[in-house]
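Q: Here's the letter readout for the chains.
Protein chains: 2
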Amino acid sequence: MASMIFTDCSSSTTARLVLLPLSTNTIRHGVLQFRRLVSPKPSLPRFFTIHTSTSPSLITAAMSTETSAKVIDGKSVAKQIRDEITAEITQMKDAIGIVPGLAVILVGDRKDSATYVRNKKKACESVGINSYEVHLAEDSTEQEVLKYISGFNDDPSVHGILVQLPLPSHMNEQNILNAVSIEKDVDGFHPLNIGRLAMRGREPLFVPCTPKGCIELLHRYGVDIKGKRAVVIGRSNIVGMPVALLLQREDATISIVHSRTKNPEEVTRQADIIISAVGQPNMVRGSWIKPGAVIIDVGINPVEDAKSPRGYRLVGDVCYKEACKIASAVTPVPGGVGPMTIAMLLSNTLTSAKRRHNFQ
Amino acid sequence: MASMIFTDCSSSTTARLVLLPLSTNTIRHGVLQFRRLVSPKPSLPRFFTIHTSTSPSLITAAMSTETSAKVIDGKSVAKQIRDEITAEITQMKDAIGIVPGLAVILVGDRKDSATYVRNKKKACESVGINSYEVHLAEDSTEQEVLKYISGFNDDPSVHGILVQLPLPSHMNEQNILNAVSIEKDVDGFHPLNIGRLAMRGREPLFVPCTPKGCIELLHRYGVDIKGKRAVVIGRSNIVGMPVALLLQREDATISIVHSRTKNPEEVTRQADIIISAVGQPNMVRGSWIKPGAVIIDVGINPVEDAKSPRGYRLVGDVCYKEACKIASAVTPVPGGVGPMTIAMLLSNTLTSAKRRHNFQ
Chain A
5 MASMIFTDCS SSTTARLVLL PLSTNTIRHG VLQFRRLVSP KPSLPRFFTI HTSTSPSLIT
65 AAMSTETSAK VIDGKSVAKQ IRDEITAEIT QMKDAIGIVP GLAVILVGDR KDSATYVRNK
125 KKACESVGIN SYEVHLAEDS TEQEVLKYIS GFNDDPSVHG ILVQLPLPSH MNEQNILNAV
185 SIEKDVDGFH PLNIGRLAMR GREPLFVPCT PKGCIELLHR YGVDIKGKRA VVIGRSNIVG
245 MPVALLLQRE DATISIVHSR TKNPEEVTRQ ADIIISAVGQ PNMVRGSWIK PGAVIIDVGI
305 NPVEDAKSPR GYRLVGDVCY KEACKIASAV TPVPGGVGPM TIAMLLSNTL TSAKRRHNFQ
Chain B
5 MASMIFTDCS SSTTARLVLL PLSTNTIRHG VLQFRRLVSP KPSLPRFFTI HTSTSPSLIT
65 AAMSTETSAK VIDGKSVAKQ IRDEITAEIT QMKDAIGIVP GLAVILVGDR KDSATYVRNK
125 KKACESVGIN SYEVHLAEDS TEQEVLKYIS GFNDDPSVHG ILVQLPLPSH MNEQNILNAV
185 SIEKDVDGFH PLNIGRLAMR GREPLFVPCT PKGCIELLHR YGVDIKGKRA VVIGRSNIVG
245 MPVALLLQRE DATISIVHSR TKNPEEVTRQ ADIIISAVGQ PNMVRGSWIK PGAVIIDVGI
305 NPVEDAKSPR GYRLVGDVCY KEACKIASAV TPVPGGVGPM TIAMLLSNTL TSAKRRHNFQ
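Taken in order, these protein sequences are the chains called A and B.
The numbering of the first sequence is the numbering used here, which starts it at 5 and goes up by one.
The numbering of the second sequence is the numbering used here, which starts it at 5 and goes up by one.
Not the full set, but computed from the structure, chain A residues with beta-carbon under 7 Å of chain B:
#  : residue
1  : P195
2  : L196
3  : G199
4  : R200
5  : R204
6  : K230
7  : G231
8  : N241
9  : D255
10 : T257
11 : I258
12 : I260
13 : R264
14 : T265
No more than 25 Å apart at the CA atoms, straight line, and that leaves these computed lysine to any residue pairs for SDA-like:
#  : chain 1 : residue 1 : chain 2 : residue 2
15 : B       : K230      : A       : R264
16 : B       : K266      : A       : G296
17 : B       : K79       : B       : T90
18 : B       : K294      : A       : E270
19 : A       : K266      : B       : N267
If you're looking for bench data, these hints aren't it; they were derived computationally from the structure.
Glycine residues also receive a C-beta, built at the ideal position from the N, C-alpha and C atoms.
Kindly produce the complete structure, drawing on both the sequences and the hints.
A: Here it is in structure tokens:
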């Protein structure tokens with residue numbers, strides 16, 4: 005499938021932009037897991053094209069060379085949260101002798117999945133969470149995976165269970181994820197959790213990690229959410245939809261932009277807070293941003309870069325260079341939302357252990 | 005609690021409007037169940053005030069005496085749906101000898117609740133659904149209610165269970181509603197159903213009746229939803245939130261206006277489709293409406309009316325007179341969404357029976 009998109013946001017703001025469906029990449033824990041690098045050549049639009057109608061004032065702002073936005077440093081916030089978690093875990097161990105445990109099930113030999121699992125394991129070790137890993141062969145049966153889930157569901161030393169996605173194609177992902185006990189669903193993706201997240205007066209057992217990380221960044225940077233216009237770009241089950249529900253719980257007035265939105269630029273430009281999670285490099289240009297808006301960029305997109313030793317570099321959904329001139333605050337990529345996701349996974353695992361053992 | 009609101013939308017469009025929290029009334033099956041009539045005297049704003057900034061073109065439209073909007077006739081659509089349900093029930097009975105059954109549990113002596121239950125019973129009879137009613141005394145225990153729910157859960161002749169709200173204050177509503185089997189939750193309010201409604205690629209067992217009725221009206225009147233801007237006013241668990249999720253499933257670009265929204269008029273004016281469910285008489289004025297918008301008005305609000313033999317009349321959230329001049333289509337109150345809610349309840353009960361007996 006030939007794909008495109010602008011890999012460099014220095015191109016004209018009146019260029020044609022194309023919003024591709026989120027499914028072209030897989031997001032897992034806020035990281036867009038990619039199969040191939042996007043090509044810098046534009047292809048035909050799949051859903052819609054946008055001719056940007058940049059307002060004069062915005063052009064002026066975009067053309068100025070000043071950089072005024074505050075950088076929202078996810079790496080440093082995540083470090084702070086991990087320190088807080090470490091302290092709580094030490095305190096719990098001392099008080100009641102309990103150490104939280106996270107089990108991860110990996111099926112098959114995908115290198116990227118193996119890297120994500122290794123990173124989670126390292127993160128657990130760094131804060132004092134016990135990690136348990138099961139690595140099954142690509143040709144394992146669904147029953148084998150279910151057997152391990154059932155074992156972890158019953159194991160009192162395990163407080164969180166993660167099944168690393170994607171699973172091999174012969175397995176039914178929904179069956180497998182539904183088998184994880186809702187009490188240990190630290191991913192927070194169980195429909196019962198999502199339902200509680202959507203409903204006023206109900207509380208989910210766990211809030212999905214990346215959305216929780218986005219809101220935590222806003223909180224820790226003192227961004228007022230109540231009564232603000234918030235636009236979420238993307239409506240995936242794992243980022244866009246739950247982050248919109250969280251923003252609404254915080255009394256923002258939300259709008260959700262997606263691949264069928266006819267005028268995404270115009271809608272986005274109304275936002276005081278923009279959270280983008282579509283996986284399209286540099287899609288959100290300066291002209292999409294209201295001066296002073298706060299931007300949380302969830303996209304982590306590889307684009308070809310001959311100058312990089314790896315042959316590519318990572319960019320967000322938002323054209324960072326342009327955003328810095330117009331927004332009041334923006335997350336960088338990498339170093340923005342990415343580090344928050346694993347921190348929130350550790351936080352959910354700790355929450356689970358505290359709840360299980362009634363430890364405040 | 006002294007309350008207000010404009011009972012007559014002939015008042016100036018630059019008047020102060022106040023949006024009260026939804027909780028001042030109780031919505032059940034799309035009907036705002038009211039304790040007292042609202043007083044026509046404006047009181048102090050509780051959340052925010054709006055000074056409308058009507059654009060000249062809108063003022064012109066509002067001042068014209070022409071009425072151009074199509075009336076979305078919920079009564080007639082509901083009749084049509086009930087005829088379709090009757091035909092399907094006859095067919096199912098002839099083919100497999102099964103008749104759908106709906107059980108309703110009423111606790112206490114509220115006259116309005118008794119009326120709603122009676123109306124549901126009558127509606128069931130009219131389409132050939134068996135109805136079962138349990139009427140418990142106000143001082144019944146939670147255990148007694150749970151015992152009946154458990155009995156209906158196990159009864160194969162019952163395909164849907166409704167607990168009429170509100171319950172007496174000594175009962176835990178959430179415990180009682182959670183006891184209804186998700187397979188018989190024809191209200192569609194179980195968090196698991198709401199979660200599935202929110203998630204792409206998942207299907208709820210039942211869609212909540214009033215939201216389903218709103219979308220059905222749009223469908224039957226050939227209103228295109230895909231790619232349209234839709235504004236939902238109100239974020240209740242039973243109307244606002246699920247109807248927003250449904251609109252998003254239909255590829256609308258949704259925005260949700262609520263009591264904390266700073267500029268509800270401005271946000272609403274961007275909508276191609278407005279669905280209002282706040283329970284505030286005549287809150288949405290002509291100046292809130294984009295010319296040509298389609299309006300679904302879920303509010304059913306009693307306002308004092310000395311000329312009426314009952315001393316009051318029912319009006320919607322939307323100033324119907326002004327809407328008729330600006331919108332392309334609008335639901336009246338009464339006779340709009342109201343009749344659709346019970347039709348959708350019958351539809352959900354039929355769906356449940358068909359699923360249980362694998363009847364297509």
